[in-house]
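S.K.: Please model the entire structure based on the sequences and the hints provided.
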Amino acid sequence: MSNATLTNETVHRVSFLDKASLHIPILKILQADGTTYENAVMPVIDKALAERIHDTCVFTRVLDERMLSAQRQGRISFYMTCTGEEASIIGSTAALDDGDVILAQYREHASLRYRGFTTEQFMNQMFSNEKDLGKGRQMPIHYGSKELNYQTISSPLATQIPQATGVAHAFKLQGKRNVAICYFGEGAASEGDFHAGLNMAAVLKSPTIFFCRNNGYAISTPTEEQFAGNGIASRGVGYGMHTIRVDGNDMLAVLAATQQARAHALEHNAPVLIEAMTYRLGAHSSSDDPSGYRSKEEEAKWEQHDPVKRFKLWMINKDWLNEKDDASAYEKYREEVLNAVKVAEKVPLPHIDLLITDVLDKPTPALEKQLADLKQHIKKYPKSYPKSAGRI
Amino acid sequence: MAEMNMLHAINDALSIAMQADKNMVVFGEDVGHFGGVFRATSGLQEKFGRDRCFNTPLTEQGIAGFANGLASNGMTAVAEIQFADYIFPAFDQIVNESAKFRYRSGNQFDVGGLTFRTPYGGGIAGGHYHSQSPEAYFTQTPGLKVIIPRNPEQAKGLLLAAIRDPNPIIFFEPKRLYRASVGEVPAGDYEIEIGKAEVVKSGTDITLLGWGAQMEILEKAAVMAEKEGISSEIIDLRTLSPWDIETVAASVKKTGRLLINHEAPLTGGFAGEIAATIQQECFLSLESPISRVCGLDTPYPLIHEKEYMPDELKTFEAIKASVNY
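In order, the protein sequences belong to chains V and F.
With numbering that gives the first Met the number 0 applied, the first sequence corresponds to residues 0 to 391, in that order.
With numbering that gives the first Met the number 0 applied, the second sequence corresponds to residues 0 to 324, in that order.
These are calculated hints, taken from the structure and not from any lab test.
Each residue gets a CB set at the ideal place from its N, CA and C atoms; glycine is no exception.
Under the rule of at most 20 Å between Cα atoms (straight-line distance), these lysine to aspartate or glutamate pairs were calculated in the DMTMM-like manner: (1) V:K374 / V:E129; (2) V:K175 / F:D20; (3) V:K175 / F:D50; (4) V:K331 / V:D54.
Computed footprint of chain F on chain V, listed as stretches where at least three residues anywhere in the stretch have a Cβ under 8 Å from a Cβ of chain F: (5) 130 to 138; (6) 155 to 169; (7) 194 to 200.
M.R.: In structure tokens, the structure reads:
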């Protein structure tokens with residue numbers, strides 16, 4: 000049985016393979032003007048799905064724009080946008096069943112919105128108030144929702160990749176017809192967790208979709224300094240899984256690829272790798288200034304490929320949308336987000352008692368003593384601990 | 000009660016737990032048909048099928064990450080790391096992920112159904128990559144429980160409790176005792192309470208505290224001390240995190256002296272934590288400084304293993320020094 004899956008062709012002179020030996024085409028369905036390529040095979044999409052995708056695009060654009068400016072005003076400490084990558088994120092999420100578990104890296108809040116996370120819930124997390132589902136324990140944008148099958152974001156890079164293999168494997172063992180999808184950037188694909196997670200999924204046959212947003216930069220480091228091979232897709236082939244490279248700014252291509260990836264994963268109990276070629280139009284995070292490492296010309300070139308605009312034009316061409324309704328959707332969300340900011344920043348912060356809960360299922364006696372000592376101390380110096388002192 | 004060695008007891012515990020919990024899976028390097036390099040999982044694949052007891056590729060970080068994912072999605076996952084020396088590639092997944100799953104999500108997600116089993120410790124001529132005792136790295140991480148049994152009966156009861164505890168657990172197994180420690184083990188299902196130390200022998204002059212394979216050393220040293228007229232109380236901590244401060248403090252208040260023995264290096268070892276806490280709790284009862292008999296601050300050696308080990312002679316000397324302080 001050993002090495003049974005290897006090819007048996009023999010040669011009699013030295014002959015090396017290199018990255019050019021792999022021919023990886025890129026799937027494109029939608030053109031920049033909103034028309035589709037001739038002979039393109041369409042994904043499964045109706046008007047209702049298109050409207051849900053469009054609505055998510057608009058909300059996400061508005062959220063990103065407003066929250067980045069809220070961060071600049073000092074109202075929240077940190078923010079990350081997904082501007083330019085909406086088609087990759089929303090197009091893939093729209094291909095899933097709501098019961099499929101999403102393990103995101105950090106830039107995929109559009110997925111959460113697509114699933115129904117409310118504007119108020121976004122704000123509660125970003126303002127770390129007492130309504131935050133995460134109880135104010137993580138930086139802004141580290142969302143999570145059990146109800147929406149979106150696992151809570153972890154800052155360490157790529158750790159979600161082998162976890163996704165485990166989540167998907169659990170579905171398989173439980174006989175559930177669901178997959179796990181895991182998002183990451185091309186930078187994260189350098190971490191050991193990426194290799195461990197893909198190899199395990201391929202060998203153990205776990206229905207996992209590994210979705211790489213190849214967005215050009217890992218913070219400031221361009222792809223040329225991240226990998227020397229044929230992108231990330233070549234690795235999927237190397238690990239023995241179905242692999243596809245798609246135009247990550249093409250909503251229909253991403254949707255089609257992910258719909259078929261999901262079907263394949265379920266039918267064969269097998270993982271699939273999708274490499275979406277896209278571009279991070281925004282900064283890595285609010286702590287980053289991309290003008291130090293890339294040109295305005297480069298950004299301008301990618302703005303021509305704006306995935307949200309391209310999808311809007313397609314909907315207009317189909318008469319499923321008009322410019323006026325598109326514009327009023329932006330207006331509606333601008334107002335909604337602004338109002339939500341004002342409400343969320345006035346909600347009280349989580350109670351100090353939550354400092355010691357959820358470390359283990361129950362606080363240990365040692366931890367209870369530490370909290371009691373802390374409260375005594377705060378009572379003695381209430382002015383030094385204004386966030387907690389009034390509510391002990 | 001049947002007589003069995005520690006490996007049989009562990010195998011028995013795994014089998015009982017898998018029988019009772021259809022969602023439980025056991026996996027790791029070579030654990031499938033082969034039964035693990037120490038044979039702890041022997042027969043489980045035959046009994047429960049390849050879906051429930053299986054091999055993984057050689058990737059500790061993968062095993063830990065995969066285990067986190069399984070446990071986060073409703074499974075009871077028991078992952079074997081073949082040697083505790085090789086747990087470090089999995090360190091990030093354990094320390095940043097397993098330990099924080101519940102806390103970071105505000106209790107929306109947890110990996111409470113996860114147990115890592117891993118053989119630790121020396122005394123088998125294994126050199127430094129088959130002999131380490133890395134427990135202290137994990138006791139400093141909130142969100143994990145750390146357990147070390149000392150004999151077959153303890154191993155079975157503690158492992159059953161660990162598998163069913165709603166928190167991620169690292170279960171260190173003293174590999175030196177896998178076959179060497181044989182004893183009566185109750186048949187059927189039973190659990191030993193996590194977080195509770197056991198007073199193995201009562202005494203009046205000094206408290207000897209340890210865990211795992213070092214309990215044998217403490218017992219031998221206590222017999223030597225007894226011949227000198229020194230009465231030792233011996234405590235097995237069993238759970239290092241969270242540890243049973245109450246039982247240890249009560250004993251030290253009675254005896255007035257404490258000696259802690261562990262195989263891991265002295266500096267930054269868990270004995271330091273115990274010493275600091277007991278000094279706080281029992282300052283006025285202490286008749287002598289708290290004594291630590293531990294490994295040296297070197298990598299675990301091969302040829303000078305006997306010299307390195309905190310053995311019964313070193314322990315005996317430390318007992319006398321404490322009593323005669």
